Structures are given as C-alpha cells and as structure tokens.
Amino acid sequence: MLQKIDSKILAYWWTSPDQRLWAYLATFLPLLGIIIAISNLL
321 MLQKIDSKIL AYWWTSPDQR LWAYLATFLP LLGIIIAISN LL
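The opening residue of the sequence shown carries number 321 in my numbering; numbering runs sequentially from there.
For the record, the hints were derived by calculation from the structure and aren't laboratory data. Everything numeric in this text was worked out from a predicted model, so none of it was measured. Treat the hints loosely; a few may be bogus.
[Unchecked claim] Pairs of lysine to any residue, SDA-like flavour, derived with a Cα cap of 20 Å:
(1) Lys324 / Ala346
(2) Lys328 / Asp338
(3) Lys328 / Gln339
(4) Lys324 / Ser359
(5) Lys324 / Gln339
(6) Lys324 / Pro337
(7) Lys328 / Leu341
(8) Lys328 / Phe348
(9) Lys328 / Thr347
(10) Lys324 / Ala343
(11) Lys328 / Ile356
(12) Lys324 / Phe348
(13) Lys328 / Arg340
(14) Lys324 / Arg340
(15) Lys324 / Trp342
(16) Lys328 / Ala343
(17) Lys324 / Leu345
(18) Lys328 / Ala357
(19) Lys324 / Trp334
(20) Lys328 / Leu345
(21) Lys328 / Trp342
(22) Lys328 / Leu349
[As the list claims (entries may be wrong)] Ranges of calculated distance between the beta carbons of each label pair, as one might list FRET restraints:
(23) Ile355 / Lys324: 19 to 25 Å
(24) Asn360 / Gln339: 19 to 25 Å
(25) Ser327 / Leu349: 31 to 37 Å
(26) Ser359 / Ser327: 26 to 32 Å
From the three backbone atoms N, C-alpha and C, an ideal C-beta is built for every residue, glycine too.
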C-alpha cells in the first residue's frame, strides 16, 4: 500500500527516488496547510 502511494507521488512529480524528499514536501505541505486552515475555521 505505502509502496503504491510512494511510486504514485514519484511518478506525479517526475522525480527519481533520490529526490523523494522534495516530492513528499511538495505533496504534503499544501495538504497540511489546508488542514490547518480548516481547523482554524472550525
């Protein structure tokens, strides 16, 4: 399951596995920002 998510993230950002950190940051930082914004509204 995690392997599938991992490969999807890398494929989406066209990154090689050694650039995985950038792909993860680019994927999860916006999501984190949205979650924080929503929780501040509630």
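Verification of the hints:
For the hint pairing Lys324 with Ala346, the CA-to-CA distance comes to about 18 Å; that is within 20 Å, so the pair holds. With a C-alpha separation of about 15 Å, the suggested pairing of Lys328 with Asp338 holds against the 20 Å cut-off. Annotation: proposed proximity of Lys328 to Gln339 holds, straight-line Cα distance about 14 Å (limit 20 Å). Taken as a hint, the Lys324 and Ser359 pair is broken in the structure, with Cα atoms around 29 Å apart against an allowance of 20 Å.
Between Lys324 and Gln339 the CA atoms are separated by roughly 17 Å; this keeps the pair inside 20 Å, and the hint holds. Annotation: proposed proximity of Lys324 to Pro337 holds, straight-line Cα distance about 13 Å (limit 20 Å). Distance restraint check for Lys328 and Leu341: the Cα-Cα separation of roughly 14 Å lies within the 20 Å cut-off, and the hinted pair is therefore satisfied. A threshold of 20 Å between alpha carbons decides the hint, and for Lys328 with Phe348 the separation of about 13 Å falls inside it, so the pair holds.
Between Lys328 and Thr347, the direct Cα distance comes to roughly 11 Å. Compliance with the 20 Å bound is thereby established for this hinted pair. Note on Lys324 and Ala343: the hinted pairing holds, with a Cα-Cα distance of about 14 Å set against a maximum of 20 Å. Restraint check for Lys328 and Ile356: not satisfied, since their Cα atoms lie roughly 24 Å apart, outside the 20 Å limit. Between Lys324 and Phe348, the direct Cα distance comes to roughly 16 Å. Compliance with the 20 Å bound is thereby established for this hinted pair.
For the hint pairing Lys328 with Arg340, the CA-to-CA distance comes to about 11 Å; that is within 20 Å, so the pair holds. Restraint check: the Cα-Cα separation between Lys324 and Arg340 comes to about 14 Å, which is no more than 20 Å; the hinted pair holds. Taking the CA atoms of Lys324 and Trp342, the gap is about 18 Å. The hint holds against a cut of 20 Å. For the suggested pair Lys328 and Ala343, the alpha carbons sit about 10 Å apart, so the restraint of at most 20 Å is met.
Between Lys324 and Leu345, the direct Cα distance comes to roughly 17 Å. Compliance with the 20 Å bound is thereby established for this hinted pair. With a CA separation close to 26 Å, the supplied pair Lys328 and Ala357 exceeds the 20 Å bound. A distance of roughly 15 Å separates the Cα atoms of Lys324 and Trp334; the hinted pair therefore holds under the 20 Å criterion. Proximity of Lys328 to Leu345 is assessed by CA-CA distance (about 14 Å); at most 20 Å being required, the pair is judged to hold.
About 14 Å separates the Cα atoms of Lys328 and Trp342, which keeps this hinted pair within 20 Å; it holds. For the suggested pair Lys328 and Leu349, the alpha carbons sit about 17 Å apart, so the restraint of at most 20 Å is met. Taking the beta carbon of each, Ile355 and Lys324 are about 22 Å apart, inside 19 to 25 Å as hinted. Between Asn360 and Gln339 the Cβ separation comes to about 32 Å, which falls outside the hinted range of 19 to 25 Å.
At roughly 20 Å, the beta-carbon separation of Ser327 and Leu349 lies outside the given 31 to 37 Å, and the hint is violated. Between Ser359 and Ser327 the C-beta distance comes to about 30 Å, which sits within the given range of 26 to 32 Å.
Of the numbered hints given earlier, the model fails hints 4, 11, 18, 24 and 25; all others are met.
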